[in-house]
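J.: Here the protein sequences line up with chains A and B, keeping their order.
According to this note's numbering, the first sequence is numbered sequentially starting from 1.
According to this note's numbering, the second sequence is numbered sequentially starting from 1001.
Please keep in mind that the hints were generated in silico from the structure rather than gathered at the bench.
Please note that a few of the clues may not be correct.
[Claimed, not checked] Computed cross-link-like contacts, SDA-like style, restricted to lysine to any residue with a CA-CA straight-line distance of at most 25 Å:
no., chain 1, residue 1, chain 2, residue 2
1, B, Lys-1248, A, His-282
2, B, Lys-1010, A, His-282
3, A, Lys-54, B, Lys-1010
4, B, Lys-1085, B, Thr-1029
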Amino acid sequence: MKKPDLTVEIAGIKMRNPVMTASGTFGYGEEYSSYLNLERLGAIVTKGLSLSPKAGNPMPRIVETPGGMLNAIGLQNVGIEAFIENKIPFLRTVDTPVIVNFFGNTEDEYAEMAERLDKIPEVSGLEMNISCPNVKQGGIAFGSKPDNAYSVVKAVRESTIKPIIVKLSPNVTDIVEMAHACAEAEADGLSLINTLTGMAIDLQKRKPVLANITGGLSGPAIKPIALRMVWQVSRAVDLPIIGIGGIGTATDALEFMLAGASAVQVGTANFISPGIAEKIVHDMERYLVENRISAVRELVGALEIQ
Amino acid sequence: MKKDEMMQFKSMVIFNDQISPGYCKIRLTAPREIVQSRPGQFVMVRVYDGIDPLLRRPFGIYDLGVFEPEYPNMPKQHYLEILYKIVGRGTGILQSLHHNDYLDILGPLGNGFTMGNEDDEKILVGGGFGLAPLYFLAKRLVSVSNVKVFIGGRKKEDILCVTEFERLGIDTYVATDDGTLGSMGLVTEVLEKYLSDGGKRRTIFACGPGPMLKSTAAIAELHGISCQVSLESNMACGVGACLGCVTKGSSHTEEKPDYRCVCKDGPVFDSRQILWG
């Protein structure tokens, strides 16, 4: 049998396979370059970027919970200037699409980020984190109300011709509504889910474990919720979807594809096994061979319901 | 160590023994390249294949060596050793492992100690399993420098490795909070007394609980002695990607924060690089 076709195209970004790394779990790529062949990945999504550098939250920032971890890193990042100066030169040497995750405190900041990223030839696409608070609207997250999401995505749309992927938060009443708003604002794709807000308590000290009190839950614990949301959104919205949430094996990744995802992002699992994303690609290929499936695309949305 | 020398490998338990109530030493097989590890570097250990516990646990390298096979003509096996205190689920599972059990290791990671001038007297200050990287360091230092070690703990049971240091021919000073071993009080008080003669050129290396490090750093500053500290932290990735193990650097302010990754920028820092909160 011929080698199966793993290629996918998401929002106009051609990828050699559907396995990407999730923002915030893979640094700027270089951190992991000695553990895996970055050129075996579908795409690299870099750590969330803002206009100015951001220091992040006080410690403790992480805590392990059953089957997962909570983080409240606070979007610490080097800022766009340092990204261009110090991170792009390395990424330029890697023959894999780079998708830059970014965020802002105001709509204008989002637009300015998009404008600046638009000018970087090494950037194949933008992933908008809309889970952060809008400082001009009393700190309500951009991604928690459809109107606000529409408006910020629209502002970004008008600032770039590069593909826009919007990363959706699961901490909403109706994620399908949010997806519709993004589609209307002409996003090119959706990635879901971001972390679920959670908390951990130290009974002995009668205190929250994280300095930030709450944090984002990730890891295998959130996979069933993520699968459900990908399934719901994929049925409702005509945009390519990138599935995220507790993916640590090729089986997990393929389940997301059955649910309707055209590609996936591996997150927390990178921390446990730095070479895991490449292994998932390898195991995915083997699955296709063993099951005589000629192209991985055939599995997208192929979930059989009665 | 260059980045390309970091490894992820399956490792077999050779032995796993309690060395004091609540503390254990485990010897693990390792690839030959492990010999390039430097004192102060650490490994991330995955104790279980499933998802609870999910993350790896960081441990400083205590010792390296070559395991002599029991039968002739068998290949020699490199190994590494770590010390650990049984505190939670991860270390609880670690304790339950036996000879021939396997675990998964990532490392060596981080920056090790800088050895410094050979003529300086080397002062090691540690507590609990913080002694682990100091023992590895002492083994390297003792052939070229004069080394003294200061060990502190709450009680007798928390004082590890005294015999091992003495076997290297190193003078050992012990202090416990309750006086059950060595002098009663803090080890940093013993250190301060020792340093009061002034005179000699010295370098301090410290690893242990936060307050011990803070106090050691202050003493070093007072005496104008250079001091390297090895910090501990919870970690998720160990390679500088998650930013979950940061510590405040010396120039840190609310307005202009200066966070350093313990895993990647450390775990060994010059004590003056750290903001001691």
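J.: Are the hints correct? Go through all of them and say.
T.: Comparing the hints with the structure gives:
1. B:Lys-1248 / A:His-282: 40 Å, violated
2. B:Lys-1010 / A:His-282: 19 Å, holds
3. A:Lys-54 / B:Lys-1010: 38 Å, violated
4. B:Lys-1085 / B:Thr-1029: Satisfied, since the Cα-Cα distance of roughly 20 Å is no more than 25 Å.
Figure legend: structure checked against the earlier numbered hints; hints not met, in rising order: 1, 3.
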